[in-house]
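Single-letter residue listing:
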Amino acid sequence: MDILKRNKPFIGLLLLCVAIAFVSPDFRTTGNFLIILRQTSINFIIALGMTLVILTGGIDLSVGSILAFSSAVSAWLLASGYHAGLAICAALLIGAACGLINGIFISYGKLQPFIMTLVSMTIFRGLTLVFTDGRPINAGENLTFEFVGNGYIFGIPFPIILMIFLFALAYYLLNWTRFGRYIYAIGGNEDASRLAGINVEINKTAVYIACGILSAIAGIILTSRLAGAQPTAGTGYELDAIAAAVVGGTSLAGGIGNIQGTFAGALIIGVLSNALNLLKVSSYYQTIVKGLVILIAVLIDQPFGRKIVMTLLQKIKGRKL
Amino acid sequence: MENVLLEMKGISKSFPGVKALKSGNLTVYKGRVMALLGENGAGKSTLMNILSGVFEADGGEIFYQGKKVSFKNTHQSAGCGIAMIHQELNLIPRLSAAENLFLGREFTNRFGKLDKKKIYQKSQELLKKVRLDIPPDTIVKDLSVGARQMIEIAKSFTIDANLIIMDEPTASLVDRDVERLFDLIAELKKDGKSIIYISHRLDEIFKIADDVTVMRDGEFVSMRPIVQTNEEQLIEDIVGRKVGKRYPFVKGVRGKKIFEFKNLVGKNIKNSSGAFYEGQTVGFSGLVGSGRTELARAIFGAYNLSGGEFFVDAKSVKIKTPKQALKCGIVYLSEDRKGDGLVLSISVLGNTTLSSLKSLESKLLKINKKKEKSIVKSLIEKLYIKTPSGAQIVKNLSGGNQQKVALARALMVKPKLLILDEPTRGIDVGAKKEIYDLINELKSAGMAILMISSDMNEILGLSDRVMVFREGEITANLEREEASSERIMSYAIGGVSSLRA
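So the sequences go chain by chain: A and B.
Residue numbers for the first sequence follow this note's numbering, beginning at 49 and rising by one.
Residue numbers for the second sequence follow this note's numbering, beginning at -10 and rising by one.
Derived by calculation from the structure, the hints in this document are not laboratory data.
All C-beta atoms, glycine included, are put in the ideal place defined by N, C-alpha and C.
Do not rely on the hints blindly, as some may be mistaken.
[Claimed, not checked] Derived pair list, reagent style DSSO-like, types lysine-lysine, alpha-carbon separation capped at 27 Å:
{"hint": "1", "chain 1": "A", "residue 1": "Lys355", "chain 2": "B", "residue 2": "Lys309"}
{"hint": "2", "chain 1": "B", "residue 1": "Lys371", "chain 2": "B", "residue 2": "Lys359"}
{"hint": "3", "chain 1": "B", "residue 1": "Lys309", "chain 2": "A", "residue 2": "Lys158"}
{"hint": "4", "chain 1": "B", "residue 1": "Lys130", "chain 2": "B", "residue 2": "Lys19"}
{"hint": "5", "chain 1": "A", "residue 1": "Lys158", "chain 2": "B", "residue 2": "Lys316"}
{"hint": "6", "chain 1": "A", "residue 1": "Lys158", "chain 2": "B", "residue 2": "Lys405"}
{"hint": "7", "chain 1": "B", "residue 1": "Lys256", "chain 2": "A", "residue 2": "Lys158"}
{"hint": "8", "chain 1": "A", "residue 1": "Lys158", "chain 2": "B", "residue 2": "Lys130"}
{"hint": "9", "chain 1": "B", "residue 1": "Lys56", "chain 2": "B", "residue 2": "Lys130"}
{"hint": "10", "chain 1": "A", "residue 1": "Lys158", "chain 2": "B", "residue 2": "Lys307"}
{"hint": "11", "chain 1": "B", "residue 1": "Lys178", "chain 2": "B", "residue 2": "Lys316"}
{"hint": "12", "chain 1": "B", "residue 1": "Lys375", "chain 2": "B", "residue 2": "Lys234"}
{"hint": "13", "chain 1": "A", "residue 1": "Lys56", "chain 2": "B", "residue 2": "Lys256"}
{"hint": "14", "chain 1": "A", "residue 1": "Lys363", "chain 2": "B", "residue 2": "Lys61"}
{"hint": "15", "chain 1": "B", "residue 1": "Lys256", "chain 2": "B", "residue 2": "Lys(-2)"}
{"hint": "16", "chain 1": "A", "residue 1": "Lys355", "chain 2": "B", "residue 2": "Lys61"}
{"hint": "17", "chain 1": "A", "residue 1": "Lys158", "chain 2": "B", "residue 2": "Lys327"}
{"hint": "18", "chain 1": "B", "residue 1": "Lys384", "chain 2": "A", "residue 2": "Lys355"}
[As the list claims (entries may be wrong)] Simulated DEER-style distance windows between Cβ atoms:
{"hint": "19", "chain 1": "A", "residue 1": "Thr170", "chain 2": "B", "residue 2": "Glu298", "range": "46 to 54 Å"}
{"hint": "20", "chain 1": "B", "residue 1": "Pro5", "chain 2": "A", "residue 2": "Gly174", "range": "48 to 56 Å"}
{"hint": "21", "chain 1": "A", "residue 1": "Phe70", "chain 2": "B", "residue 2": "Asn385", "range": "21 to 29 Å"}
{"hint": "22", "chain 1": "B", "residue 1": "Asn79", "chain 2": "A", "residue 2": "Ile163", "range": "49 to 57 Å"}
{"hint": "23", "chain 1": "A", "residue 1": "Asp239", "chain 2": "B", "residue 2": "Glu221", "range": "35 to 43 Å"}
{"hint": "24", "chain 1": "B", "residue 1": "Ser348", "chain 2": "A", "residue 2": "Ser330", "range": "28 to 36 Å"}
{"hint": "25", "chain 1": "A", "residue 1": "Lys158", "chain 2": "B", "residue 2": "Ser133", "range": "49 to 57 Å"}
{"hint": "26", "chain 1": "A", "residue 1": "Asp239", "chain 2": "B", "residue 2": "Gly101", "range": "38 to 46 Å"}
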């Protein structure tokens, strides 16, 4: 029972997959699973950073804009003939710098994370528009860079490998290091953490930097897959990332949650859009279905929702007897 | 008996996994104060929640005003004139006193418009009744805890309560407000109202209660008129065994000077200097707001100073943040466990090692969890922390055990100077005794201890030296032999000569 409780998001994911597998034969192929994982990779990598931020009790609305900005800069560097390594480093640096700005204003300037990242979301987007002059940038041909988004290692798409690597790294950080403990402590009670001798400001800033870097990595994958940058790329990605974290059981109040849950949450969202596409559901309806699934996932965690589930279960049991 | 207002018999209640109440009995007489005592987890709160209709009892009977009753919700109990004043006050900080008083029972005209004038007038009457001299439109946020308590009591008048339940009403009150509360209780009694009074402070019970009921482990233990019992007997009933002396003083052996502060200046700190020695407990006494906590927090780097110097082992050090203080071997335990003392959402283990994770790091910044577990296990045993395991979330522990977790975190740092701010507030007698013993043990092992307390007996019972505070100043630095409650009070209040007599 305890194991069931702890892995609720995964059980939801499993049920969802089984249900879809029944109705859609196209869904249950290895190829399709790799497609789902690759499509999920961008959202999940951002959601990783988002989960860290939410665990400290914050939120980062600027992830989509950071993605677009770093994507634009890397595409421009490639188009200007610079080496792929330089383009990647520049993108990562921009992600880190954007995160640093968020972190400093939130930690030291004591601004509400929601307000600060709302501000930086528009500013970073504006910077992207100015930089690209509002036009897409074609990155041109660069085999090394294309590998990031389109390459395979042992038949597995590289973005999936990258995603799993980052997942493992974040898991290690959260569960095995001091930094991870501090994240949970700060999210649980910032004042108590400070009195326990934690440098709250530095740790919070570090989390926003990590979130910025992860958004930039997602930006690199996207740029590589599209062989270019769109000034409006990543619009609304922050909501998908927040949804993945929340569906995965992370509390927006901070201090409670984990990235395994976020992984399941991102996959639930990924599987759902994949299935709805396969079932040829119009994209207008898709957003409604997505919203409803998130609603159900979050509701189950509340007393009200639990009551409904319990009575339903009892009714099913009663019928069998 | 004719003057019985309430009788609860054999009340039982189970929650998933725990039998919170086995057989709760309680009799309350008209116009009398019934004190309800017991350790945390003895079932007092559960019993009161059943009475006021928050929970439904599994078994047992309740007779109120001679009739058998069972309340399904708090509306029903309020309708019968039972009011409960919770430990955590249920006022809305951003609303005014008047708005709070009539929350949910507002006067309106035919069109649903608020009759503000009537609310204001009625509030004025009620506030006058509880002798709270404030305009009804004062915002609750700006009031002291004591004043808020009075508003809660005034609220009970709006439902014309015959029985008022007070759950640890003095836990966070200043002495002056406590007196005011006691006056009010006396007046309520005169009006024929009955009161159930829950408290951990025994001295209070003897001041205001008429009868006293003790519970232990979800069961009724004893009921006596207060005049027929004494402190020792009550403690024995509460704990279930003889405890021995309440304040087991062990004389400290003064070692070398390990910490000194000179000319500290800040808000509510006026040019204060002093020193702490190995093997000594120094008590910080004074009224709430006298600057005790501010100075202690300043020593720990958690309070802004505009000037002053610190010396550790006679070497000048900078302490601007708690992190720096910890490096100097200073630990501070907050008086506000929930506010900034503990991270309630993480485990016992997580809290215990939070300040000393660095010492547990091995290669690749990895925390040595095996070592961590074994250290935490030994601390849980050493401090008698009642928890199923180190993985238990701290929120689920009782107040006394939470405080012990905070202590465990402090001990793990192996401090030279341990600062304890109200270490036994809201903690039951048994756990208090354990904490006192621990303080003495640490002192004997050579630790310097600074203890802030509002409880005079605690100060006198444990300190080798007492520093008295008044309005941000250290007004006295008394050796144990020189200290007495009268002397301390006189320095705390001022006007030494007038009180000497």
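A quick look at each hint next to the structure:
1. Pair hint A:Lys355 plus B:Lys309 does not hold up; C-alpha atoms about 50 Å apart against a cutoff of 27 Å.
2. At most 27 Å may separate the alpha-carbon atoms for a hinted pair to count; B:Lys371 and B:Lys359 meet this at roughly 18 Å.
3. Restraint check: the Cα-Cα separation between B:Lys309 and A:Lys158 comes to about 19 Å, which is no more than 27 Å; the hinted pair holds.
4. Of the supplied pair hints, the one linking B:Lys130 and B:Lys19 is violated, its CA atoms being roughly 35 Å apart against a limit of 27 Å.
5. For a cut-off of 27 Å, the pair hint linking A:Lys158 to B:Lys316 stands: about 26 Å separates their Cα positions.
6. Pair hint A:Lys158 plus B:Lys405 does not hold up; C-alpha atoms about 33 Å apart against a cutoff of 27 Å.
7. Distance hint between B:Lys256 and A:Lys158 is fulfilled; the C-alpha atoms sit about 22 Å from each other, no more than 27 Å.
8. Restraint check for A:Lys158 and B:Lys130: the C-alpha separation of about 22 Å stays at or below 27 Å, so the hint holds.
9. Using a Cα cut-off of 27 Å, the hinted pair B:Lys56 and B:Lys130 is violated, with the two alpha carbons roughly 41 Å apart.
10. A C-alpha spacing of about 25 Å is found between A:Lys158 and B:Lys307, which places the hinted pair at or below 27 Å, so the restraint holds.
11. Between B:Lys178 and B:Lys316 the alpha-carbon distance is near 55 Å, which puts this suggested pair outside the 27 Å criterion.
12. Among the hinted pairs, B:Lys375 with B:Lys234 is consistent with the structure: their alpha-carbon atoms are about 23 Å apart, no more than 27 Å.
13. A hinted pair counts as satisfied when its Cα atoms are at most 27 Å apart, and A:Lys56 with B:Lys256 does not qualify at roughly 51 Å.
14. Between the alpha carbons of A:Lys363 and B:Lys61 the distance comes to roughly 26 Å, so the proposed pair stays at or under 27 Å and holds.
15. Taken as a hint, the B:Lys256 and B:Lys(-2) pair is broken in the structure, with Cα atoms around 54 Å apart against an allowance of 27 Å.
16. Taking the CA atoms of A:Lys355 and B:Lys61, the gap is near 19 Å; set against the 27 Å cutoff, the hint holds.
17. Between A:Lys158 and B:Lys327 the CA atoms are separated by roughly 22 Å; this keeps the pair inside 27 Å, and the hint holds.
18. Simply put, B:Lys384 and A:Lys355 have alpha-carbon atoms about 23 Å apart, close enough for the 27 Å limit, and the pair holds.
19. Remark: the range hint 46 to 54 Å for A:Thr170 to B:Glu298 is upheld by a beta-carbon distance near 48 Å.
20. In this structure, B:Pro5 and A:Gly174 meet the distance hint of 48 to 56 Å, their C-beta atoms being roughly 54 Å apart.
21. One distance hint, 21 to 29 Å for the beta-carbon pair A:Phe70 and B:Asn385, is violated here, with the actual separation near 41 Å.
22. Restraint check, B:Asn79 to A:Ile163: a C-beta distance of roughly 30 Å breaks the suggested window 49 to 57 Å.
23. Range check, A:Asp239 to B:Glu221: about 40 Å between beta-carbon atoms, so the 35 to 43 Å window is met.
24. In this structure the supplied range 28 to 36 Å is violated for B:Ser348 paired with A:Ser330, their Cβ-Cβ distance being about 59 Å.
25. One distance hint, 49 to 57 Å for the beta-carbon pair A:Lys158 and B:Ser133, is violated here, with the actual separation near 27 Å.
26. At roughly 42 Å, the beta carbons of A:Asp239 and B:Gly101 sit within the given window of 38 to 46 Å.
Figure legend: structure checked against the earlier numbered hints; hints not met, in rising order: 1, 4, 6, 9, 11, 13, 15, 21, 22, 24 and 25.
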